[in-house]
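Peer 1: Below are the chains, spelled out letter by letter.
Number of protein chains: 2
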Amino acid sequence: MPLPNDLKDKFIEIVEVNHVLTDPSLYGPYTDDFTDHYKSQPLVILRPNSTEQVSQIIKLCAENRLGVVVQGGNTNLTGSASTSTPDSEVLISLTRMKNLVSVDTKGDSMVVEAGMTLADVHKCAEDNGKFFPLSFAAEGNATIGGCLACNAGGVAVLRYGTTRELVLGIEVVLPDGRIWNGLRSLRKDNTGYDLKNLFMGSEGTLGVITKVVLKLFPIPKEKETSLVCVESPAKAVALLNRVKDSAGSLLTAFELISEKPISRVKKNLPDVEVPELSPSPWKVLLELSLFEKKEESVLESILEQAFEAEEITDAIIANSLKDSHKFWHVRESIPLADRTEGGSIHSDISLPIASIPEFLEVSLKRLKEEFPWIEDSIFGHLGDGNLHYNFVSPEDPTLTYRFEEEIRRNLYTTVIEYNGSISAEHGIGMLKKHHNDEFKDPIELELMKKIKNAIDPEGIMNPGKLI
Amino acid sequence: MPLPNDLKDKFIEIVEVNHVLTDPSLYGPYTDDFTDHYKSQPLVILRPNSTEQVSQIIKLCAENRLGVVVQGGNTNLTGSASTSTPDSEVLISLTRMKNLVSVDTKGDSMVVEAGMTLADVHKCAEDNGKFFPLSFAAEGNATIGGCLACNAGGVAVLRYGTTRELVLGIEVVLPDGRIWNGLRSLRKDNTGYDLKNLFMGSEGTLGVITKVVLKLFPIPKEKETSLVCVESPAKAVALLNRVKDSAGSLLTAFELISEKPISRVKKNLPDVEVPELSPSPWKVLLELSLFEKKEESVLESILEQAFEAEEITDAIIANSLKDSHKFWHVRESIPLADRTEGGSIHSDISLPIASIPEFLEVSLKRLKEEFPWIEDSIFGHLGDGNLHYNFVSPEDPTLTYRFEEEIRRNLYTTVIEYNGSISAEHGIGMLKKHHNDEFKDPIELELMKKIKNAIDPEGIMNPGKLI
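As they're listed, the protein sequences go chains D and H. Numbering that gives the first Met the number 0 puts the last residue of the first sequence at 466; the count rises by one with no breaks. Numbering that gives the first Met the number 0 puts the last residue of the second sequence at 466; the count rises by one with no breaks.
A hint or two may mislead.
Identical chains share a label here; the pair holds if one copy fits it or two copies do between them.
What the hints assert, rightly or not - Heads up, simulated PhoX-like pairs for lysine-lysine below, C-alpha to C-alpha not over 25 Å straight-line:
#1 LYS220 <-> LYS266
#2 LYS187 <-> LYS439
#3 LYS449 <-> LYS187
#4 LYS321 <-> LYS9
#5 LYS187 <-> LYS243
#6 LYS451 <-> LYS439
#7 LYS58 <-> LYS293
#8 LYS292 <-> LYS243
#9 LYS293 <-> LYS243
#10 LYS105 <-> LYS243
#11 LYS325 <-> LYS265
#12 LYS448 <-> LYS58
#13 LYS220 <-> LYS293
#14 LYS439 <-> LYS58
Derived from the structure by calculation, the hints contain no laboratory data. No experiment lies behind these values; they were computed from the predicted model shown.
Please build the complete structure, drawing on both the sequences and the hints.
Peer 2: Listed below in structure tokens is the structure:
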């Protein structure tokens, strides 16, 4: 249906005419999904600039039983910020709500509006002599509200936790349009159910997060980054435990990377400088964050011991920040190198860390049996047990897409067998909803539905996603 | 009502006759509350030894619409492990469910039954070369299940977080007796609503936590402990920020202690050795945990800078583990010294850290105006914004008890004005239920009730507590 004129007028009254978009030729940035997988067809796109406006919009949607999709930077990878049925849902973009509300440098917290990009959150923290650790490739566009809605992970989870652990309070517009002000900046509060964590990670299905109280941290004084050669994932797990035992909370990143995607970076992205190291089937990229200036490298002595214990075969330590960026740039170039190779599909599974070596062996064998042509591209946050277990099919790029469903089923079956998760950080959205319905504990799904019905009985919040 | 015989027979069938207690003369350890405030009168006390037995008990209670109170070590401070109406509720003690299920030293996690004491959890971790950081005075009796139910805090929250942040997975018997197996040991899992955090901190009102997957950490190699003199809470906040900026995540404890309770320790507990320091109205007890052996003290240079900046007036650094225990023993002796003084009542408020100096001034003034005879005993985890704001009335110990309600209302009113919480770590239970109903955001209370009704529609789980 087209947007009825009376409703359009009411929306214009709330957010002004410039921010009620009904011309599909202007929809692009909001409807074209980051993964080229989903194309939204909203009834209307609204761009409110305050919690009060969001509240009024949701009230109107509730009265008219209109589905609501809320969007931040539109960088989601599972379709959770896209419409699920054409011409019937209201798409709300929060990108105009990007203000810094307040900073408390003595209490190490900061209040921001949900539409601020993660990169701007970093900047606001740094401008105040503080550090906000959440970090991932899309941070220039991704909004902090989106990070909360999907409980984003990234490269510093090992030390600082996922988004959940970085948030002190939230403000939420509920499915009936009322505003819950949970903007507390307390480190400890045991006065009721943990509503904050319930809304976080619920992918917009319970309400609209409009403001956030974030934890801030001291800026590390120094970083030590190293790229290391290991013969197997088992050796990488041994190294991980050695570094954790020796460096404790100084360890902030521990990434495992298969040589295969690195060789694709070399081949497809010749401008990316890949450090020279002895040949090895796996690499580890690890980083310590130090809070005092050191004369001697902490990492060097740990890596020497690892070498003597035959856990690693070669290693290079960054001599400068530039070097360190170079190491990370290799890691971050993998998705583009894979896409260039052809037929790239991605996943973000997690597993109990100790079971990863065996899981990799078993799962790869099963995948190769069913899809002999498949080529794997495995890398990820080993320190969190989270792998990006991706695939390419360079011979025929259409193959992986044609068999995507079967590939995912094959992979996820092994993941569940090893007590893992089919989504460590990207979430469920529309992409994995049917997989989640199939693989998740039915009692857990039932509890989720009970909560959904209790908080959003009309089911207007982000229909067709997650649940 | 007395327990009907047919029901008694059914309970005996589930847990065997020795573990169905109906003789009140045997009730003591389960019914006499830690705070001498509540005296339970259960219909029966059951002591199951497996999740399956708990499940069968809850099924039977659900069929008969019997209220269920679950108890760990019975060390709760708010009555949340006591019955709320006499002779009508089933009290379940989980203290027989105290087994270690499994340890994963490579993945840094451990599965234990809910009835294991926190002290035994520490021991199991240490026996496997690991560290579990949750720690507080009652850890010899408190069970890990109780810690989860109340989201216990303690002395290491600053670095490691509250119980919530130390748990990877849980197993729960739901109000209909079914078992939800959420015993995942994953560091990241974004496949649905955060049920784990919903059950944690719900004080037994949503289900019975029967098993737990705990995070383990490397054992710190060394600790540096110091007792420091400061002139005011504002100076203590400045010192906190200095240490955080200089030592980052090495800082594991930062306790503020008023001189008044320390002088009561000296007076009432002459066996406790109090280190000699220059006179000052406030002391700070702080601790760093180091992961490498150091030749030079990290703390010494930080404290020297703080002295030059006139943030501190004197300091003593522990020379040995024995010294360090001595410092902590002073801190831990305060509650007993206060009780000896007479009329001790306790609270566990939290506030945004930066507002604590002003809050203390304003709240003390208001309390002294209404209760000129009152004497304060303030100490607590300043690093988390959490204060134990306690009182004594040595002249007439009955005074504080008689005016307890008015004192709490006076204090909590100021707490709420400063955006604080009336319970940082002890929880609500029965003690603060009416205060919570009065002071908590009505929208938040309404959301909590919706969730309670969705998960426990008959309201059998821990009736009369929290909600």
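Peer 1: Run every hint past the structure and note whether it holds.
Peer 2: Each hint, compared with the structure:
Taking the shortest Cα distances, LYS220 and LYS266 never come within 25 Å of each other, neither inside one copy (36 Å) nor across copies (45 Å). Taking the closest pair of Cα atoms, LYS187 and LYS439 come within 25 Å of each other only across two copies (15 Å); inside a single copy the shortest separation is 31 Å, beyond that limit. For the homomeric pair LYS449 and LYS187, the shortest alpha-carbon distance between copies (24 Å) is at most 25 Å, but the shortest distance inside one copy (28 Å) is not. In this homomeric assembly, LYS321 and LYS9 never come within 25 Å of each other (Cα to Cα): the closest approach is 53 Å inside a single copy and 71 Å across copies.
Taking identical chains as interchangeable, the C-alpha atoms of LYS187 and LYS243 lie at most 25 Å apart only when they sit on different chains, with a minimum of 18 Å there against 27 Å within one chain. With identical chains, the CA atoms of LYS451 and LYS439 are at most 25 Å apart both within one copy (17 Å) and between copies (23 Å). Taking the closest pair of Cα atoms, LYS58 and LYS293 never come within 25 Å of each other, the shortest separation being 57 Å inside a single copy and 61 Å across copies. Within a single copy, LYS292 and LYS243 get their C-alpha atoms as close as 20 Å, and across copies as close as 15 Å, so both meet the 25 Å cut-off.
When the C-alpha separation of LYS293 and LYS243 is checked against a cutoff of 25 Å, the pair qualifies both within a copy, at 19 Å, and between copies, at 18 Å. In the homo-oligomer, the alpha carbons of LYS105 and LYS243 lie at most 25 Å apart only across protomers (10 Å), although the nearest pairing inside one protomer, at 30 Å, exceeds that limit. Proximity of LYS325 to LYS265 under the C-alpha cut-off of 25 Å is restricted to the intra-copy arrangement: shortest distance 13 Å within a copy versus 60 Å between copies. Within a single copy, LYS448 and LYS58 get their C-alpha atoms as close as 22 Å, and across copies as close as 22 Å, so both meet the 25 Å cut-off.
Taking CA atoms no more than 25 Å apart as the test, LYS220 paired with LYS293 passes in both settings, with 10 Å inside one copy and 18 Å between copies. For a Cα distance limit of 25 Å, the shortest separation of LYS439 from LYS58 across copies, 24 Å, qualifies, whereas the shortest one inside one copy, 33 Å, does not.
Violated hints for the displayed structure, listed by number in ascending order: 1, 4 and 7.
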